[in-house]
Amino acid sequence: MASPVSRPLLPRLAMATAAASLLGLGGCQNWLDDRYSNSLPPTRGVQPLMGLAQNVSVRRNELGMPLIESSNFHDALFALGYVHASDRISQMASMRLLAEGRLAELAGPAVLDVDRFMRTVDLKGRADELYEAASPRLKQFFEIYARGVNAWLYRYRDKLPMDLAQSGYSPEYWKPQDSALIFCLMNFSLSSNLHEEINALILAQKVGADKLAWLLPIYPDEALPFSEADKLKGLNLSGGFAGLDNVSEQLAALGQQGFAASNNWAFAPARSRSGKSLFANDTHLPLGIPSAWNFVQVRAPKYQAAGVSLAGIPAVVAGFNGQVAWGMTMVMGDTQDLFLEQLKRENGTLYYLEGGKWQRAGARNETYFIKGQRPVREVVYSTAHGPLLNTALGEQKLALQPSPLTSGYGLALKMPDFKGDKTLDAFFDLSRASSVEKAFDASREIRAIALNMVFADAHSIGWQVTGRYPNRKDGKGLVPSPGWNGQYDWDGYADPMLHPYDQDPPQGWLGTANQRTAQPGYGMQLSSSWYSPGRAERLAQLAATGKQDARGMIAMQYDQTTTFAAKLKTMFQAPGMAAPLKKAIDALPDAERAKAREALNRLLAFDGRLSATSADAALYALFLQQSTRQIFLDELGPEDSPSWKAFVANGDASYSAQADHLLGRDDSPFWDDVHTPQKEDKPAILARSLAAAVSAGEAQLGSDHAAWQWGNLHHYTFTSESTKLAPWLDAGQRAGLAALKGYLDRGPYPAGGDHDTLNAAAYHWGGSDFETWLAPAMRIVVDFGQAEPMIGQNSTGQSGNPASPHYADGIDAWLKGRYVTFPMQPQNFDKAYGTQRLTLVPGK
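First residue of the sequence shown? That's 1 in UniProt numbering, and the numbers climb one at a time after it.
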């Protein structure tokens, strides 16, 4: 939701392998559409289905988003399962296989280490725990939903979408527990600090514990975490984690790292032109096709809601029910920790050190069934802190775990338990809330996932932090903690009464954008890993401009002005910087001097608007990229090294060392270029960066600086999950996918904005290009002053099936700011959804 909900950019490696078998069909889109047209759900007629009690109507709007109308809620749930499967069965199947650690059954040994990692984390065990804690009512809902999914699987078992049909894989029937499993996968993908801790260890191996804190800033006004880095002093990091280099990269490829983005806000009636509340939510997720989300509207006698859902989960997770609007962003909550464990083997038994004594590690056997090979049986170990991620790897392509268990150290993953957790019930109760007060009651029971919930009714607005946050005896959880002496262990969880919240604040609005929401010294530790404050600052600027309406909400969601440009200008003009920077520029060679002066003058005049057609926006981005390389590459590079990749990945995830150094840190050791005999300072490096930005611009955009355009460097490309995993396939499979690229992928389209704008379009700050990797996956606006309050849009299409006309038809509307209406009044249904319908009837 991360954006929450963080997108499962889920591996479809087996599906990619199958698609590759269609080599030579690239460009034959019409043939492929015709070949798989029978895998598409009908939009009219009658379908008898066993399991229904009464008729259900399914209508779809111009973008294929369904309206499910039923005379009872159970049939509505059944139909939701049927519709989810008809639109997203490939996504549902791949999510389940990933979460269970069973991809090798489908794709062979290339993904065995993916399975090893997921079995080690044991999401299935956690999902079972969460499901068992649910109420009998909720379990019944999941069972009915599963029957709907299975009704589709039974009817279409011989008419599957291309990726499933060509793979030869027939999805197993859906179980109620599978929905809890998908929820746990979604939650796990929000664990942003997991890969940040792994990256911190990689960086510590490169620069040592003494310099690590400079690379892990918490927030612009907070001290660097030297005490955290000190936890790693004295440890032999150079030889203990031989396979650690690939961990973060592989987690990113699987979508199993947190993605720090999303916006939500609400305006109270006093700040609205209509005198009634306003609400907005847009979740930022990795750019891809299909979107993680699909829209749905459900209407039954005692239940109605419209909004976004995640296929596999019978819930509207963000939306509007006619009385209350609700949506979410990531808290950036640090709810897990990695612990370094001292390990030894004696007589074939693994031990770990705890409190001065060697304890026998827990062990469980896992059997991996591998397509084309014999099964493999292995042991997964654990300590008191959780499962060890150091399972022996062999020579597989995807080396996810850090090192074999023959090393002196291990990494154990500690996560909160789900015993007695009522989160699944709470999400359903939230979708039925009749007021902000009822929304508070429901959201306070959401423990399994750390979210900023914002909600509104016509007369009130509110914000509530959800989740379960550990009380650490010591430390901040930014880097892995020594686990052998108990100093950094957990002491229970923070009292939910301490979770931050607000209702109807005096300023008349509230909102979150993954910024720090609890000040240092607050009574509990939400996190020490916040995202940059830029989007929240811009939100506050726009909120202060007067009374608002729905048009203003849309303008805010599409705003592409960054506050960081003004901060950069202040830094350049600071009394201690202006003169030394001028002197450093004057010392450059003639050609470089002219470029640096031009760049500085243009940046000082830049208004911060990152439109796709702006020349100055292009220069601004080039400077950010070049300054990162000038400051850090000499010590963290080369570009293909694990340390540089870890550094860039951490910059994607939270407030970055890149931004932190540009705004201050004049005494940082990283200002010195270790490749030169002299000692550089900040002005010298900035002068070089200014000149380098112009040189890079000329190389990429030409010599006419006024003709540069940010959108010629920065693009949206909607890449399928199969395409994203192409680097791990063999040459023949990659060639097959390349032939299908025009069928599976969309773009590129020019993009404005960046990681710091409300209309987020993040690129990898320090990477090799400016391609957008993170963007709004959906947008919702609710204006309680309108007769029909809710409008929304998805980023790609309703369907995950490339043969569908609704596979990518949402992109144009997303690019151009067109929203569709989700009416709550039946007399308006025909206008929004038309009169054509599919009627599901009880079958025998």
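Check before you lean on any hint, since a few could be wrong.
[Stated by the list, open to error] Below, computed lysine-lysine pairings styled on BS3-like, alpha-carbon distance capped at 25 Å: (1) Lys-159 <-> Lys-844; (2) Lys-583 <-> Lys-473; (3) Lys-583 <-> Lys-569; (4) Lys-422 <-> Lys-139; (5) Lys-233 <-> Lys-211; (6) Lys-159 <-> Lys-139; (7) Lys-567 <-> Lys-582; (8) Lys-741 <-> Lys-159; (9) Lys-679 <-> Lys-211; (10) Lys-419 <-> Lys-276; (11) Lys-233 <-> Lys-419; (12) Lys-438 <-> Lys-582; (13) Lys-419 <-> Lys-473; (14) Lys-233 <-> Lys-371; (15) Lys-473 <-> Lys-175; (16) Lys-302 <-> Lys-831; (17) Lys-233 <-> Lys-344; (18) Lys-371 <-> Lys-139; (19) Lys-139 <-> Lys-583; (20) Lys-357 <-> Lys-438; (21) Lys-206 <-> Lys-567; (22) Lys-371 <-> Lys-159; (23) Lys-206 <-> Lys-175.
[What the hints assert, rightly or not] FRET-style restraints, in silico, Cβ to Cβ: (24) Pro-220 <-> Pro-506: 51 to 57 Å; (25) Val-841 <-> Pro-136: 25 to 31 Å; (26) Leu-498 <-> Arg-374: 48 to 54 Å; (27) Trp-490 <-> Asp-681: 51 to 57 Å.
Simulated from the structure, these hints should not be mistaken for lab results.
Since the model is a prediction, treat every value here as computed from it, not as a measurement.
All C-beta atoms, glycine included, are put in the ideal place defined by N, C-alpha and C.
Results of checking the hints against the structure:
{"no.": "1", "hint": "Lys-159 <-> Lys-844", "verdict": "holds, 21 Å"}
{"no.": "2", "hint": "Lys-583 <-> Lys-473", "verdict": "violated, 49 Å"}
{"no.": "3", "hint": "Lys-583 <-> Lys-569", "verdict": "holds, 17 Å"}
{"no.": "4", "hint": "Lys-422 <-> Lys-139", "verdict": "holds, 12 Å"}
{"no.": "5", "hint": "Lys-233 <-> Lys-211", "verdict": "holds, 11 Å"}
{"no.": "6", "hint": "Lys-159 <-> Lys-139", "verdict": "violated, 30 Å"}
{"no.": "7", "hint": "Lys-567 <-> Lys-582", "verdict": "holds, 18 Å"}
{"no.": "8", "hint": "Lys-741 <-> Lys-159", "verdict": "holds, 23 Å"}
{"no.": "9", "hint": "Lys-679 <-> Lys-211", "verdict": "holds, 17 Å"}
{"no.": "10", "hint": "Lys-419 <-> Lys-276", "verdict": "violated, 40 Å"}
{"no.": "11", "hint": "Lys-233 <-> Lys-419", "verdict": "violated, 36 Å"}
{"no.": "12", "hint": "Lys-438 <-> Lys-582", "verdict": "violated, 59 Å"}
{"no.": "13", "hint": "Lys-419 <-> Lys-473", "verdict": "holds, 22 Å"}
{"no.": "14", "hint": "Lys-233 <-> Lys-371", "verdict": "violated, 44 Å"}
{"no.": "15", "hint": "Lys-473 <-> Lys-175", "verdict": "violated, 40 Å"}
{"no.": "16", "hint": "Lys-302 <-> Lys-831", "verdict": "holds, 23 Å"}
{"no.": "17", "hint": "Lys-233 <-> Lys-344", "verdict": "holds, 21 Å"}
{"no.": "18", "hint": "Lys-371 <-> Lys-139", "verdict": "violated, 34 Å"}
{"no.": "19", "hint": "Lys-139 <-> Lys-583", "verdict": "violated, 70 Å"}
{"no.": "20", "hint": "Lys-357 <-> Lys-438", "verdict": "violated, 50 Å"}
{"no.": "21", "hint": "Lys-206 <-> Lys-567", "verdict": "violated, 30 Å"}
{"no.": "22", "hint": "Lys-371 <-> Lys-159", "verdict": "holds, 23 Å"}
{"no.": "23", "hint": "Lys-206 <-> Lys-175", "verdict": "violated, 46 Å"}
{"no.": "24", "hint": "Pro-220 <-> Pro-506: 51 to 57 Å", "verdict": "violated, 25 Å"}
{"no.": "25", "hint": "Val-841 <-> Pro-136: 25 to 31 Å", "verdict": "holds, 29 Å"}
{"no.": "26", "hint": "Leu-498 <-> Arg-374: 48 to 54 Å", "verdict": "holds, 53 Å"}
{"no.": "27", "hint": "Trp-490 <-> Asp-681: 51 to 57 Å", "verdict": "violated, 43 Å"}
In the structure shown, a violation is registered for the earlier hints numbered 2, 6, 10, 11, 12, 14, 15, 18, 19, 20, 21, 23, 24, 27, in ascending order.
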